[in-house]
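Chains as they are written, first to last, in this note's numbering: chain X, 1 to 369; chain W, 1001 to 1259.
I should point out that these hints are in silico values taken from the structure, not numbers from a laboratory. Treat the hints with caution; some may be incorrect.
Cross-link-like lysine-lysine pairs, in silico, BS3-like; alpha carbons within 27 Å at most [unchecked claim]:
id, chain 1, residue 1, chain 2, residue 2
1, W, Lys1111, X, Lys251
2, W, Lys1232, X, Lys187
3, X, Lys359, W, Lys1161
4, W, Lys1110, X, Lys54
5, W, Lys1113, X, Lys251
6, W, Lys1037, X, Lys54
7, X, Lys50, W, Lys1111
8, X, Lys176, W, Lys1183
9, X, Lys50, W, Lys1113
10, X, Lys230, W, Lys1249
11, X, Lys251, W, Lys1110
12, W, Lys1243, X, Lys50
13, W, Lys1232, X, Lys347
14, X, Lys181, W, Lys1137
15, W, Lys1098, X, Lys178
16, W, Lys1200, X, Lys223
17, X, Lys189, W, Lys1137
18, X, Lys50, W, Lys1157
19, W, Lys1037, X, Lys316
20, W, Lys1202, W, Lys1181
21, X, Lys341, W, Lys1232
22, W, Lys1111, X, Lys54
23, X, Lys84, W, Lys1243
24, X, Lys230, W, Lys1193
25, W, Lys1232, X, Lys82
26, W, Lys1200, X, Lys54
27, W, Lys1200, X, Lys359
28, W, Lys1110, X, Lys50
29, W, Lys1200, X, Lys216
30, X, Lys359, W, Lys1255
31, X, Lys54, W, Lys1133
32, W, Lys1244, X, Lys84
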Amino acid sequence: MNVTAVSNKNYDVKNQQISNAYSPRYATTLPKQNNVSFGGVMTPVNGIFKFIEKTGFFVQFLIVDTLSMVLPRTIVGLNRDKDKIGHYNYQAGLEELGRESLSGPTMNIIPMVISAMAINHFVPAVKLDSPVITGLNETLLKTVTNKNSTDALKDTSKLSTKTAEQIFDTAFGDFKFKDAKDATNYKAKFVSLLNTAQQEKKPNLFVNFYNTKIQKKPSAYTKAEDDFDKLVVEINNANINNAEAPADAHKLVLKAEVPEVRTSEKTLARAAENEISTSSKTFFEDFHHYSNDIIKKFSKATVEKPKEFLEAAAKKVARCKMGVAGLAFLSVGAFLLYLPKIYQLSKLSPAEQSAERVKKEMEGGKVVC
Amino acid sequence: MLINKINATPTTPQSPLPTNNNKKVAFGANPLNALFKLDRSGTMSHNLFITNAFIFLLGTRLFTSRDKDENREILIRDIPSIIIAVVGVDTIQKAATKGIQKLSGFAIAKKPKERISDSISYAQTNDLYIYDKNLDKASGIYGFAKRLDSKEGNLEKICSKLNDSIKSKVSGLDNTQILNKIKSDNTFANELKKAFSNPKNKALKYAETFKTLPTVIGFAATLSILGFVLPKLNIAITEHIAKKREQAKLDNKNKQIQA
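All chains should be built: construct the whole structure from the sequences, respecting the hints.
And the structure:
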């Protein structure tokens, strides 16, 4: 079992680990790179690790775990006492294989399945990190208290559109562009792409892979996600307020008041530096889930106190998140308790068998496998 | 009250502790809230994973072990495995990133000002080492180079990789001098912009290689320590203990015979 040889979280809060927030599809829009002569050994190695990074966390974990833990340990197991028994030690090898290949991946698969079921069937907003929900709630609140939005309140699509406009103003309102028309154009495109996020269905991993790589016809959602990423990069790069190129051109920052948890002065100080920033593709997906969960519920209900309604929604999501994590934790535990029954092939462990062989050797007897 | 939007340049970790600024603060943190969460991909968060590994992974293996020898092997193999896998490998990679950044002069660290740091991703490498034409509307090639400087890159070493002409022009100059040259010498600035605009430029190739090295080192460390060294050590310890046990029995037997 190996953890995080390459990490891939998409949410950025300062002082937490800022990790890979970039989609692999951005990299694939560049022309293919030819081998450069000085690349030598590193060019194919770069290629392998680029592929690993592109495929996302779980595939990375599987590849790295298999190559660095499962295979070597199986080889060591097979060769255990080979000189004494005259052939490969199949029991030791198979036990190592069974134990290592099943424990590591299932510790990730089980939570992923439980999380996917919760998101797809119960509470979509569970996918979002709590500060992002807070930021989006604040934006939605501004939208619904805005007199110009009253006609949109009972229609999910219209309310999403107005919220998207508010998000643009929040994230990029103080940006300055060379051409005054740029702001209007960017806003229109921004809102149109977030509308697609709200209206289109997000294809699952396999369907997406088939559409994008095999059919070469990405879905409307996927195409809009790529365009949204390019747009955010363009907006960030084109901001003439920046004295230097933006540290992260894919970043989108929501202004919001984030309630902080104080456990000590140090924690308070670190929490105060938090900003709610997400990467463009993460935000696109977040908006998809948020609009189909909280915005939809808001437009379907008669809401007399919007602030309290949204706070209650956020609390419900927070409780669900904890519940899902707890369920995942216990499910993994239950499986790991059952797992030894699968890989333990005999009453004697390979360790005990090794000890028995040493004993027989020292007694001058014949070692039996 | 709104939090002030932090500008594009990241603040340094050494900045003085900020005041509360009337932010809402909830007292009495519930540590379970912080522990029980899943990452975006649906996997357990780092701390939750470690907790689960020690309680269930290690615990269930010990609970279902068949004999004392297996018990001992589990302790010797799995406790260091979990610690090295979740803490050690990461630390090795982060330390390697900073080391390679200092030696090569290429900006490859996510947190360049800290002692150890993760590497940037391949997509971020593309952003840092390929000039995006949209920057023409704002900070331009100066801003692009300034960003590399902010991320602790050595502009002389980076720019020298582009081509020989640029190499001769930046030779012996420090970051400030190169940035001033970009401001004052349009020809140089344009030459630099053209070179960086090439999506196959050599500085990018070097950056990708340097950024991959810590991952390779981490992978090699996992493979060797967790894949081979620990299991072999385990087997050696089992055999050694079995030999000692058996030797003690044989010595006892001999004493009884002599008596």
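Here's how the hints hold up against the structure:
The straight-line distance between the Cα atoms of W/Lys1111 and X/Lys251 is roughly 16 Å, inside the 27 Å bound, and the hint therefore holds. This hinted pair does not check out: W/Lys1232 and X/Lys187 have alpha carbons roughly 61 Å apart, beyond 27 Å. Our distance criterion of 27 Å between C-alpha atoms is broken by X/Lys359 and W/Lys1161, whose separation comes to about 63 Å. With a C-alpha separation of about 18 Å, the suggested pairing of W/Lys1110 with X/Lys54 holds against the 27 Å cut-off.
This hinted pair checks out: W/Lys1113 and X/Lys251 have alpha carbons roughly 20 Å apart, not beyond 27 Å. Simply put, W/Lys1037 and X/Lys54 have alpha-carbon atoms about 24 Å apart, close enough for the 27 Å limit, and the pair holds. The straight-line distance between the Cα atoms of X/Lys50 and W/Lys1111 is roughly 21 Å, inside the 27 Å bound, and the hint therefore holds. A distance of roughly 22 Å separates the Cα atoms of X/Lys176 and W/Lys1183; the hinted pair therefore holds under the 27 Å criterion.
Distance restraint check for X/Lys50 and W/Lys1113: the Cα-Cα separation of roughly 25 Å lies within the 27 Å cut-off, and the hinted pair is therefore satisfied. As the CA atoms of X/Lys230 and W/Lys1249 are separated by approximately 74 Å, the hinted pair breaks the 27 Å bound. Our distance criterion of 27 Å between C-alpha atoms is met by X/Lys251 and W/Lys1110, whose separation comes to about 14 Å. For the hint linking W/Lys1243 to X/Lys50, the alpha-carbon distance of about 48 Å lies beyond 27 Å, and the restraint is violated.
For the given pair, W/Lys1232 sits about 22 Å from X/Lys347 by alpha-carbon distance, which is consistent with the 27 Å threshold. A threshold of 27 Å between alpha carbons decides the hint, and for X/Lys181 with W/Lys1137 the separation of about 13 Å falls inside it, so the pair holds. Distance hint between W/Lys1098 and X/Lys178 is unfulfilled; the C-alpha atoms sit about 37 Å from each other, more than 27 Å. The straight-line distance between the Cα atoms of W/Lys1200 and X/Lys223 is roughly 25 Å, inside the 27 Å bound, and the hint therefore holds.
A distance of roughly 19 Å separates the Cα atoms of X/Lys189 and W/Lys1137; the hinted pair therefore holds under the 27 Å criterion. A threshold of 27 Å between alpha carbons decides the hint, and for X/Lys50 with W/Lys1157 the separation of about 24 Å falls inside it, so the pair holds. About 14 Å separates the Cα atoms of W/Lys1037 and X/Lys316, which keeps this hinted pair within 27 Å; it holds. Taking the CA atoms of W/Lys1202 and W/Lys1181, the gap is about 21 Å. The hint holds against a cut of 27 Å.
A threshold of 27 Å between alpha carbons decides the hint, and for X/Lys341 with W/Lys1232 the separation of about 25 Å falls inside it, so the pair holds. With a C-alpha separation of about 22 Å, the suggested pairing of W/Lys1111 with X/Lys54 holds against the 27 Å cut-off. Simply put, X/Lys84 and W/Lys1243 have alpha-carbon atoms about 15 Å apart, close enough for the 27 Å limit, and the pair holds. Taking the CA atoms of X/Lys230 and W/Lys1193, the gap is about 20 Å. The hint holds against a cut of 27 Å.
Between W/Lys1232 and X/Lys82 the alpha-carbon distance is near 13 Å, which keeps this suggested pair within the 27 Å criterion. At roughly 19 Å between alpha-carbon atoms, W/Lys1200 and X/Lys54 fall within 27 Å of each other, so this suggested pair holds. Using a Cα cut-off of 27 Å, the hinted pair W/Lys1200 and X/Lys359 is violated, with the two alpha carbons roughly 63 Å apart. A hinted pair counts as satisfied when its Cα atoms are at most 27 Å apart, and W/Lys1110 with X/Lys50 qualifies at roughly 17 Å.
Restraint check: the Cα-Cα separation between W/Lys1200 and X/Lys216 comes to about 24 Å, which is no more than 27 Å; the hinted pair holds. Between the alpha carbons of X/Lys359 and W/Lys1255 the distance comes to roughly 19 Å, so the proposed pair stays at or under 27 Å and holds. With a C-alpha separation of about 25 Å, the suggested pair X/Lys54 and W/Lys1133 falls inside the 27 Å cut-off, and the hint holds. About 19 Å separates the Cα atoms of W/Lys1244 and X/Lys84, which keeps this hinted pair within 27 Å; it holds.
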